[in-house]
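Q: Sequence:
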Amino acid sequence: MFRTTTAKFSAFAAAGGQRCGSYFCSSMHRRSFFTHRKLTLGDNSWRTPIVIAAAAIAASTLGFVGYGMFFGPASQYPTPVRKLLREAGLAYLRTPNKQDLPKAVDRYTEALRLLDQIGSSDPKHAPDAPHVTGLVARLASVYTDMGDIDGTIRTYTDLLHRILGDDGMEDPRTQVRLLMDPELDAGRRQNILRALGCANKLAETYEARATRSKRRSVLLADPDMESADVRAASRWYQWCLQVVMLTYQNHFNHQQLEQGKPLVNTPSFDPDTLPRYFSIDVVTSLFYNAATFFSAHAQYGFAVPLLQRSLDLLRRGTDGGKEPNVCRSSILMSHLANAAVLMSDLPAAEKWSIDGLALAKQFPRNADCLNSFVALTYDLGAVYDAAGKADSARVQYRQAAEIARVVEDGKAEKLAAAALGRLSG
66 MFRTTTAKFS AFAAAGGQRC GSYFCSSMHR RSFFTHRKLT LGDNSWRTPI
116 VIAAAAIAAS TLGFVGYGMF FGPASQYPTP VRKLLREAGL AYLRTPNKQD
166 LPKAVDRYTE ALRLLDQIGS SDPKHAPDAP HVTGLVARLA SVYTDMGDID
216 GTIRTYTDLL HRILGDDGME DPRTQVRLLM DPELDAGRRQ NILRALGCAN
266 KLAETYEARA TRSKRRSVLL ADPDMESADV RAASRWYQWC LQVVMLTYQN
316 HFNHQQLEQG KPLVNTPSFD PDTLPRYFSI DVVTSLFYNA ATFFSAHAQY
366 GFAVPLLQRS LDLLRRGTDG GKEPNVCRSS ILMSHLANAA VLMSDLPAAE
416 KWSIDGLALA KQFPRNADCL NSFVALTYDL GAVYDAAGKA DSARVQYRQA
466 AEIARVVEDG KAEKLAAAAL GRLSG
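Going by our numbering, the first residue of the sequence shown is number 66, and it counts up by one from there.
What the hints contain is simulated information worked out from the structure, not anything from laboratory work.
Just the calculated beta-carbon pair ranges, DEER-fashion:
| no. | residue 1 | residue 2 | range |
| --- | --- | --- | --- |
| 1 | R178 | D210 | 17 to 25 angstroms |
| 2 | R254 | R147 | 20 to 28 angstroms |
| 3 | G386 | S292 | 42 to 50 angstroms |
| 4 | R254 | D181 | 21 to 29 angstroms |
| 5 | N318 | M211 | 42 to 50 angstroms |
| 6 | P370 | R242 | 21 to 29 angstroms |
| 7 | G184 | T383 | 46 to 54 angstroms |
| 8 | G453 | E235 | 51 to 59 angstroms |
| 9 | G184 | D210 | 23 to 31 angstroms |
| 10 | R254 | M211 | 29 to 37 angstroms |
| 11 | A293 | Q321 | 36 to 44 angstroms |
| 12 | D335 | R296 | 29 to 37 angstroms |
| 13 | G212 | T144 | 28 to 36 angstroms |
Straight-line alpha carbon distances no greater than 16 angstroms define the calculated EDC-like cross-link-like pairs of lysine to aspartate or glutamate that follow:
| no. | residue 1 | residue 2 |
| --- | --- | --- |
| 14 | K168 | E152 |
| 15 | K454 | E415 |
| 16 | K163 | D210 |
| 17 | K168 | D210 |
| 18 | K479 | E467 |
| 19 | K387 | D377 |
| 20 | K148 | D171 |
| 21 | K189 | D250 |
| 22 | K426 | E388 |
| 23 | K168 | D213 |
| 24 | K148 | E175 |
| 25 | K163 | E152 |
C-beta: ideal position from N, C-alpha, C; glycine also.
Turn these sequences into a full structure, and let the hints steer you where they fit.
A: Next up, the structure:
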């Protein structure tokens, strides 16, 4: 663990009745790195507001557009399967108040059973055919919408087994070798990317079940339930990270060889050198999700580099001053500021807060910039508070409370007001 830099910081953290003095001592159930939401404050986790509003990928955690909705041309499906898919779609693809999710599960499950039966003798409908794995992904989405965590885990695990097999699930390097093959079939590459998105969703689902188990553990006194899910979530986050990082490293060094340059062990992530099949949105989303998981378990040595790599991919908001990248970067800096607060690294927390605020001020009407402004302002107040600069801390807390009131974030306003009250007491 990291050494506390000042005794005053520890006293300050304890005074607020929370694990830290950060605005991000909050409880969040993460949906997507790219979906804007308000903060929910009140417990000891550090979940932050989610970074990027991007409607095109709101349905997918990693932004593999449509990976859970992909079915391919309807003609690929045998007639009995198409009939079941139509019935399932009528039950599922409706407004929430008209959905019949149990019926959708029943029809999709039966369609998958028929496809697997046909696929046992017809390679066109093999278990790992893209239109078949797309159906499995859709079924997992329905289970997710139902809140059936066990069904979601079971279905995502089935999907991964279909695409990766036992070896691929055990060793992510098998997928790296495939992705690096320039002759790889387009359908197989699509499946590997689908597996990457699926593995991330599986990690998130295990994480959600661990959170639910933690709430129940007070009654059940069963800590093993939580720890097993945490280990599973960690395993799949790491599986995803290894696929992306090893693929990027190999791709980068291949380019280095072609240019007659030396190989490197830890290349800096650069959007210009990402493999064409990895988008910036996909990678930054994956890094964010993993970083929040590791931070929630105080593994900042893993979380902070992931957040910094995401900033590198966004060029730290300086890429032409484009509004989305500027505001995304400000949110990432708020994560880094919060992590520094939690590690009691006041100089780093101050730097990230000030740099992030400079970005957030550029687009005050942008929701992401506005929310990061509140968070960073409060975190800067926490830094000054811990350093004994009460007057400077009051200025930051007061400004955070005022902006929180404007954005109608009552809980954030109360937290800032409480900090002001404590300083005035």
